[in-house]
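S.K.: Protein sequences appear in the order of chains S and A. Going letter by letter, the first sequence gives residues 107 to 631 in our numbering. Going letter by letter, the second sequence gives residues 403 to 818 in our numbering.
It is worth saying that the hints were derived from the structure and are not from the lab. Remember, it's a predicted structure, so these values are computed and weren't measured experimentally. Don't take every hint at face value.
Derived CB-CB ranges, DEER-like [what the hints assert, rightly or not]:
no., chain 1, residue 1, chain 2, residue 2, range
1, S, 422, A, 607, 44 to 52 Å
2, A, 685, S, 428, 36 to 44 Å
3, S, 553, A, 403, 29 to 37 Å
4, S, 400, A, 581, 39 to 47 Å
5, S, 536, A, 747, 27 to 35 Å
No farther apart than 30 Å at their CA atoms in a straight line, the calculated lysine-lysine pairs in the DSSO-like style are these [as the list claims (entries may be wrong)]:
no., chain 1, residue 1, chain 2, residue 2
6, S, 582, A, 555
7, S, 581, S, 598
8, A, 459, A, 740
9, A, 512, S, 598
10, A, 524, A, 512
11, A, 555, S, 581
12, A, 459, A, 404
13, S, 582, S, 627
14, A, 721, S, 598
Here a beta-carbon is modelled for each residue, glycine too, at the ideal position from N, C-alpha and C.
This is what each chain is made of:
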Amino acid sequence: MDFFSIGLALACVSAACGIVWRVWKWHARGKALAGSSALRPFSLAMGGLTDLFLLRRTWRLGALRWSGHMLLVLGFLPLVFLHAMDGVITRPLFAEYEPTLDPWQFLRNFFGLVSLSGLSFLLLNRVKKLRALSLLQDWALLATLGALIVSGFFLESLKIMSEGDFTRMADDYFPEAEGEELLALKTYWAAENGVRFSVILPTTPELMERGTELHEDRCAGCHSPTSSAFVSRSLPLPSAMAGQGRGVFWHLHVGLAFLGLALLPWGKFFHPVATSLNLLARGGSQSSRSGASPLPRGLGLDACTRCGQCSLHCSVAPIHRVIGNADILPMDKLSDLRRYLDGRLSPVRASLLTEGSHICTECLRCTEVCSAGIDLQELWMASKQALAKAGRAGVDGEIRKSTASEWARELSSQHLGSVGISGAGLADRAESFWGCVQCTTCTGVCPVVAVSEDPSRDLDLTPQQIMNLLRMGLKKQTLGARMVWSCTTCYKCQEHCPQGVPVADILYELRQLGAEVLRKKEGRE
Amino acid sequence: MKKYDVMVIGSGFAGMAAALFAAKRGLSVVQTGATGGIDFSTGFVDLLAVHPIAEQKVWEDPFAALAALRRDLPEHPYCRVSDGEICQALEEFTSFLGENGLCYRGREGKNTLTLTAAGTMKPTYLLPCTAWNGVEAWEAKAKTLIVDFHGLKGLSARQIAQVRSDWPELETARIHFPGMRGELYPEHMAWSMADPARREELAKTVAPLATDALYVGFPAILGMTDTAAVLRHMEELLGRRVFEIPTLPPTIAGPRLRAAFDRGLPLLGVRTCTQKLITRATIGDDGFHFTAGSGSTSIEIAASSAILASGRFFGKGLKADRQSIHESVFDLPVTQPKDRSLWHRPGFFDPRGHEVNQAGLETDNFLRPLDATGQPFHPRLYAAGAILAHQDWMRMKCGAGLAIATAYKAVNSLSA
Numbered sequence: 107m108d109f110f111s112i113g114l115a116l117a118c119v120s121a122a123c124g125i126v127w128r129v130w131k132w133h134a135r136g137k138a139l140a141g142s143s144a145l146r147p148f149s150l151a152m153g154g155l156t157d158l159f160l161l162r163r164t165w166r167l168g169a170l171r172w173s174g175h176m177l178l179v180l181g182f183l184p185l186v187f188l189h190a191m192d193g194v195i196t197r198p199l200f201a202e203y204e205p206t207l208d209p210w211q212f213l214r215n216f217f218g219l220v221s222l223s224g225l226s227f228l229l230l231n232r233v234k235k236l237r238a239l240s241l242l243q244d245w246a247l248l249a250t251l252g253a254l255i256v257s258g259f260f261l262e263s264l265k266i267m268s269e270g271d272f273t274r275m276a277d278d279y280f281p282e283a284e285g286e287e288l289l290a291l292k293t294y295w296a297a298e299n300g301v302r303f304s305v306i307l308p309t310t311p312e313l314m315e316r317g318t319e320l321h322e323d324r325c326a327g328c329h330s331p332t333s334s335a336f337v338s339r340s341l342p343l344p345s346a347m348a349g350q351g352r353g354v355f356w357h358l359h360v361g362l363a364f365l366g367l368a369l370l371p372w373g374k375f376f377h378p379v380a381t382s383l384n385l386l387a388r389g390g391s392q393s394s395r396s397g398a399s400p401l402p403r404g405l406g407l408d409a410c411t412r413c414g415q416c417s418l419h420c421s422v423a424p425i426h427r428v429i430g431n432a433d434i435l436p437m438d439k440l441s442d443l444r445r446y447l448d449g450r451l452s453p454v455r456a457s458l459l460t461e462g463s464h465i466c467t468e469c470l471r472c473t474e475v476c477s478a479g480i481d482l483q484e485l486w487m488a489s490k491q492a493l494a495k496a497g498r499a500g501v502d503g504e505i506r507k508s509t510a511s512e513w514a515r516e517l518s519s520q521h522l523g524s525v526g527i528s529g530a531g532l533a534d535r536a537e538s539f540w541g542c543v544q545c546t547t548c549t550g551v552c553p554v555v556a557v558s559e560d561p562s563r564d565l566d567l568t569p570q571q572i573m574n575l576l577r578m579g580l581k582k583q584t585l586g587a588r589m590v591w592s593c594t595t596c597y598k599c600q601e602h603c604p605q606g607v608p609v610a611d612i613l614y615e616l617r618q619l620g621a622e623v624l625r626k627k628e629g630r631e
Numbered sequence: 403m404k405k406y407d408v409m410v411i412g413s414g415f416a417g418m419a420a421a422l423f424a425a426k427r428g429l430s431v432v433q434t435g436a437t438g439g440i441d442f443s444t445g446f447v448d449l450l451a452v453h454p455i456a457e458q459k460v461w462e463d464p465f466a467a468l469a470a471l472r473r474d475l476p477e478h479p480y481c482r483v484s485d486g487e488i489c490q491a492l493e494e495f496t497s498f499l500g501e502n503g504l505c506y507r508g509r510e511g512k513n514t515l516t517l518t519a520a521g522t523m524k525p526t527y528l529l530p531c532t533a534w535n536g537v538e539a540w541e542a543k544a545k546t547l548i549v550d551f552h553g554l555k556g557l558s559a560r561q562i563a564q565v566r567s568d569w570p571e572l573e574t575a576r577i578h579f580p581g582m583r584g585e586l587y588p589e590h591m592a593w594s595m596a597d598p599a600r601r602e603e604l605a606k607t608v609a610p611l612a613t614d615a616l617y618v619g620f621p622a623i624l625g626m627t628d629t630a631a632v633l634r635h636m637e638e639l640l641g642r643r644v645f646e647i648p649t650l651p652p653t654i655a656g657p658r659l660r661a662a663f664d665r666g667l668p669l670l671g672v673r674t675c676t677q678k679l680i681t682r683a684t685i686g687d688d689g690f691h692f693t694a695g696s697g698s699t700s701i702e703i704a705a706s707s708a709i710l711a712s713g714r715f716f717g718k719g720l721k722a723d724r725q726s727i728h729e730s731v732f733d734l735p736v737t738q739p740k741d742r743s744l745w746h747r748p749g750f751f752d753p754r755g756h757e758v759n760q761a762g763l764e765t766d767n768f769l770r771p772l773d774a775t776g777q778p779f780h781p782r783l784y785a786a787g788a789i790l791a792h793q794d795w796m797r798m799k800c801g802a803g804l805a806i807a808t809a810y811k812a813v814n815s816l817s818a
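If we strip away everything but chain S, and leave its shape as in the complex, we get (with noise of 0.2 Å):
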């Protein structure tokens, strides 16, 4: 470093600061004087950026994973530029790099190490609280990354202790080499840099000064001492892996560069590019805008890091316990949404992922969690209509399609069973209409029956109605009556009842032997 290089340093950096600075303020004095949406665009670029480079949006989830991808991405993007695009990036901009001179040597162990501890946080991460919602590509990526660095360090480890490459080395560098000068550089680099030679060298410390007096000459004009090669120079690796294992590593190494680069545009190898673009896209918000234009929409689609927190804060993550349905947790639902999207998900499948879609109560806490920012619930309501509009309506909207004595006349022939552990559903059991005297009660309190202008013609039963049918066993009359797809579940009806009838329960009931109905038809049972 001379002053020319370190003055040229210290002047970008104050001029970033100050240029940063002046932006901040124009936003800050903008929005003093006109009011907060003066200036959107930057505060939406700061936004963007902040989640962008301090993983803002992990760090909300927890300190372990940010701590983690945080040391991943310092450790393993300066390994990326610095020492696997030395030839393009590292050796124009500093005249005297050598890879094996200081700080570089030093700098490669040092990230490598970062990125080493930053992969075994993930990991941590990973095992501890989403192994159940991983996939083949999850681990691959952390494989991927973890085989790379580690073979890097054996790698080096391996050049270090190579005796081929010192002779390789001294026969390029020192070809004029007598005898005694080649033992005495010999015996200083396996005392001081580690080669481990195949005979056994005098240790004179005549010959080793020597030794160091050639070195100074010859070599440290390109090598700084392995020692500060601090990992890759203790690893206890046995001598006899030295001859073979260097270029076994090597091939290693370069192979798993280039399978990560082969990687980068599928599945979750793509999220550092797709899910940088989101988080700047977004502009930090958490909320979500109705209405997005195809490119973000796509965007966000490809964005997902497979993180898991979606699911583990979904709402209707209980559903998915007990009906087992993927698609109701919002990670599955968006990569069955992207196949379905590409015309790649099979019809039992679309129709699962219609049940998940219509299972979500579009709460907003996954777009809330997402750590890469995508706007899941806006992602949900397109895609409920789009599904609607190839057919798939959902359970709500395939019964709605026909009339509830349509349903009566198709389901006259069929067994449709009961709901409930016990074997018999509540609106199967007499002891559920004992008290009932049609006082008409649950449907005076009934907000769903209050809205509508003429509920006969919108609901056609109304729940004192179906509270009659069932008593006397027509429950298959029940099943397509638009009120009982209509029950907003208020519990009005149950909690008004003189009588203690569980109305509210019943009609959910019902829905629930609605949907397995639907599920026999779309053969998923």
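Mind docking chain A on chain S? Use the hints.
M.R.: Same frame as chain S, but now just chain A:
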């Protein structure tokens, strides 16, 4: 756990009145009970109109009727309360309702005949102010229009006119209720009348039909919590005096009464646990311990005294099985016919009524229920309302009055 002075079991007329009276006397009160009889009330407060029931003798003076009743039926619960106590109880009860938006009106010492949904004239003691113009219209046999609605099952104006042949100036009209079609339900209509625009639409439909009528009667749907204002507004819009006729049960009167108590009782410091029946009751040296409700929403309550105002069968204070009738909270002895075959007379409409409708609890003079040996079951347990034996409130037309008066007596006994 907080220990209350009084636990009121029941949320019908008797329970509501007991909670009110106890709170007014500075006692700490907790009240439980499910939706019950009060939701099926006509809104009328009967005191006593028919005695003896076998003769169907209707009394204009309820206090004269009370004197006769006390002479003929010494076991009737009205024998435990004096006329003075009854008057004070009714006064306190109706002034509370008045403060909470439900105005009551009647004639001192006289029953008033009021129009029912069936067109009959029912004698009652106090009636909602929204019905009062109907009384005056009928008494003057004034030119009156009664309106009913397509889709509302609980009231037929034409039937009322047919039955009331003594009222030739009665006209009827059936109209569409604005903004609603198909089958109509009083509660939805009443809530929708909170909107002045809805009242204007309704008045616009009715006005051309009213021609020279001085009064216009509607099924009881004129508002839920603001009935006085809705009625006044309708009178302004129509330029005529307006009244309500209760529909068939459940009428809107029940939810109105419940709403008034739901608003007023918590303000008096009453803790109300709605929609909860007692599932367990234990008695210790220091008072009562109750579990109300079941499952995850159940609550534990401790109280030094308790008033059992849990009603008869519909209120679930009494439970009947195939052999006999039981009291549902403490399993107190229930006075009842010896045998199930004696519960009912062969004729359903037998004017003498049925023995099962006299079933209930025996009490001492302080309204404390008696155990099998004829002693008070517990020194601080009282009973009020329909659960008391030896009364057939439906046929005697004394339901609300009996409930309110016995609640008053029970509260006064326990706070004395």
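S.K.: Against each hint, give a clear statement of whether it holds in the structure.
M.R.: Tested hints:
no., hint, verdict
1, S:422 with A:607: 44 to 52 Å, "holds (47 Å)"
2, A:685 with S:428: 36 to 44 Å, "holds (43 Å)"
3, S:553 with A:403: 29 to 37 Å, "holds (36 Å)"
4, S:400 with A:581: 39 to 47 Å, "holds (42 Å)"
5, S:536 with A:747: 27 to 35 Å, "holds (29 Å)"
6, S:582 with A:555, "holds (27 Å)"
7, S:581 with S:598, "holds (22 Å)"
8, A:459 with A:740, "holds (29 Å)"
9, A:512 with S:598, "violated (40 Å)"
10, A:524 with A:512, "holds (13 Å)"
11, A:555 with S:581, "holds (26 Å)"
12, A:459 with A:404, "violated (50 Å)"
13, S:582 with S:627, "holds (16 Å)"
14, A:721 with S:598, "holds (25 Å)"
Hint violations for this structure: numbers 9 and 12, all remaining hints satisfied.
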